[in-house]
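Enquirer: The residues making up each chain are set out below.
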Amino acid sequence: MEKILVLENKYGDTLGGLRGIPGLKAATDGDLIWLRGIAVGGTPDKRIASLPVLHRYTADPVERLFPDQQKTPTGKLPKLDWQPIKAFVPIELPVSAMPGKLFLPVTIRLSRSAVVQEVFALMTDLKSWKAYAETAAGTRLQTLSFAVSGKGEVLVIGRPLPQLPGKTFWPRDQMLLPSGYDLDPPVLGALAEAPKETLMLFEPDGNWQAIPIAHFQPARRSAVRLTETGHD
Amino acid sequence: MQFSEFLNSLFSEGRVTVARALADFNAADLEASARLIAELDRTERLEMPAELPGLNKDAALWAAQYLYRSIQFVLLRELEAELMENYLQPYTGTLDDSAMWSVDLLFRHLGPLFKFSSGISPDDPLVQRLKETAAAWPLSSVGLNIQTIADTQPILNNAALKTIYLDRIIAHRDLTRLGEREQVALTETMGLYQEQFWPGLEFNELTKHD
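Protein sequences, first through last, are from chains A and B.
Under my numbering, the first residue of the first sequence is numbered 1, with each subsequent residue one higher.
Under my numbering, the first residue of the second sequence is numbered 1001, with each subsequent residue one higher.
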């Protein structure tokens, strides 16, 4: 004979304190948790006695279920996937309360800005950039740096930027925002943590890519002329 | 091969050694020197604007020898001034854009030469001759505080040389070189960023220097 207890699933957390009881097994059956392996007779375990039990049964050797204080069985113990209580309620490492940081993912949105800034970066194509560097004054080139993607996109940074076709960006700390846009809300700029030594290049839809600063090189005419990509 | 070694050291290390006597250079030495200059020309073009004029080997070789002899006259003060007539003769070829560029490959070192000769009296015939030479080659003498006596049209009519010339004028803040055409070109180069590239520049005052 053994005691059978039935709990509602929502009280599953209360089983954590039962891990030390030998022979105790548990199984899930829909919205219910079944417990078995509790000996009949003797002093009831306080931890078990304190459970918010929905039904109490006594099972005979052929697993018929007798409700408490009843001599007529009302059913049979269902065939369930019984697990030792230690496996049914695994141990989880506690989460430290202090100190620590709680990171909440925030979707970065951009919106039109009322404040006008001077542009600092230009996304253009390699052909235009090379054509510019062929004839540009060294005075203008020496204030610029550039990085090239494998697709032949060129990101030029510095001031003043050349008048070339492409998209312009203005700076916000380590971020490059499309001209005319700002973070929504702007306070996000102070909260965002960009990876070190990178520039975060944003698109108007909020998508961004991190570009390592090490990928930029001074806009020397020779450097521009010798730049090649697979699309050249 | 003293001459080609001089050029090789100048181009690669920026340091030079000259002979203690005014000996002529043999043909093989001159030929090797011409090859070194041509190599320098190829290398320099990579950093220069497009449409640079071609290399005038004769002009470049003349400038290289002039530089070599000038250093000898600065160092060997016992040499008679009359010898300069033979060894520091002016360029006799056409002063076109090609000559301006080719000579500049060597005469861009006039600045250090002037500093090197600063201990010599300003009235010394060598210093006078060097100043006259610098004034005759405006592209190479930007920033030396020397009023040019040469026609700058060959420079300003070539897009690449004009760009190089203006870059040097801006870098040295050389007001003495700002004629009317240079001012227009300078305005185009700097655009709205004059204060960034040349803080405090006032074009109205420049007319006084013309």
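Calculated from the structure, these hints are not laboratory results.
Nothing here was measured: the structure is a model prediction, and the numbers come from that model.
Here a beta-carbon is modelled for each residue, glycine too, at the ideal position from N, C-alpha and C.
A couple of the hints might just be wrong.
[Unchecked claim] Residues from chain B that keep clear of chain A, each with C-beta distances beyond 10 angstroms, as calculated:
1. Phe1011
2. Asp1041
3. Glu1047
4. Met1048
5. Ile1071
6. Leu1088
7. Arg1108
8. Arg1129
9. Glu1132
10. Asp1151
11. Thr1189
12. Tyr1193
13. Phe1197
[Claimed, not checked] If you only want the chain A side, here are some residues facing chain B, beta carbon under 8 angstroms, derived:
14. Lys86
15. Ala87
16. Arg109
17. Arg225
[Said to hold, decoys possible] These stretches of chain A come out as covered by chain B in the derived footprint (C-beta under 8 angstroms, 3 or more residues):
18. 130–141
19. 195–208
Enquirer: A separate judgement is required for each hint: does it hold in the structure or not?
Expert: Against the structure, the hints come out as follows:
With 10 angstroms as the threshold on Cβ separation, the claim that Phe1011(B) sits away from chain A holds: the shortest Cβ distance comes to roughly 17 angstroms. At roughly 14 angstroms from the closest C-beta of chain A, the C-beta of Asp1041(B) stays outside 10 angstroms, upholding its exclusion from the interface. Interface exclusion of Glu1047(B) from chain A breaks down, the closest Cβ pair being 5 angstroms apart, not more than 10 angstroms. At the 10 angstroms boundary, the C-beta of Met1048(B) falls inside the reach of chain A, the nearest C-beta of that chain being 7 angstroms off.
The claim that Ile1071(B) lies off the interface holds: its Cβ sits roughly 28 angstroms from the closest Cβ of chain A, which is beyond the 10 angstroms cut-off. With a minimum CB-CB distance of about 32 angstroms to chain A, Leu1088(B) clears the 10 angstroms threshold, and the non-interface call stands. Against chain A, the non-interface label of Arg1108(B) holds: every CB pair exceeds 10 angstroms, the least being about 14 angstroms. At the 10 angstroms boundary, the C-beta of Arg1129(B) stays outside the reach of chain A, the nearest C-beta of that chain being 31 angstroms off.
Here Glu1132(B) stays apart from chain A, with its beta-carbon at least about 29 angstroms from theirs, past the 10 angstroms limit. No beta-carbon of chain A is positioned within 10 angstroms of the beta-carbon of Asp1151(B); the least distance is around 22 angstroms. Not every C-beta of chain A lies more than 10 angstroms from that of Thr1189(B), the closest at about 5 angstroms, which undercuts listing it as non-interface. Residue placement check: Tyr1193(B) does not keep its beta carbon more than 10 angstroms from all beta carbons of chain A (closest about 5 angstroms).
Distance check for Phe1197(B) against chain A: the nearest CB is about 6 angstroms away, which does not clear 10 angstroms, and the non-interface claim fails. Restraint check, Lys86(A) versus chain B: the minimum CB separation of about 72 angstroms is more than 8 angstroms; hint violated. Look at Ala87(A): its Cβ only gets to about 71 angstroms from chain B, farther than 8 angstroms, so that hint breaks. At a threshold of 8 angstroms, the smallest CB-CB gap from Arg109(A) to chain B is about 33 angstroms, leaving the interface hint violated.
Of the supplied interface hints, the one on Arg225(A) holds, with its beta-carbon coming within about 6 angstroms of a beta-carbon of chain B, less than 8 angstroms. For the region 130–141 of chain A, the assignment as covered by chain B holds, since 7 residues bring a beta-carbon within under 8 angstroms of that chain's beta-carbons and 3 suffice. Using a Cβ-Cβ cut-off of 8 angstroms, 0 residues of the region 195–208 of chain A lie near chain B, which falls short of the minimum of three, so the contact claim is violated.
Consistency note: the structure conflicts with the earlier hints numbered 3, 4, 11, 12, 13, 14, 15, 16 and 19.
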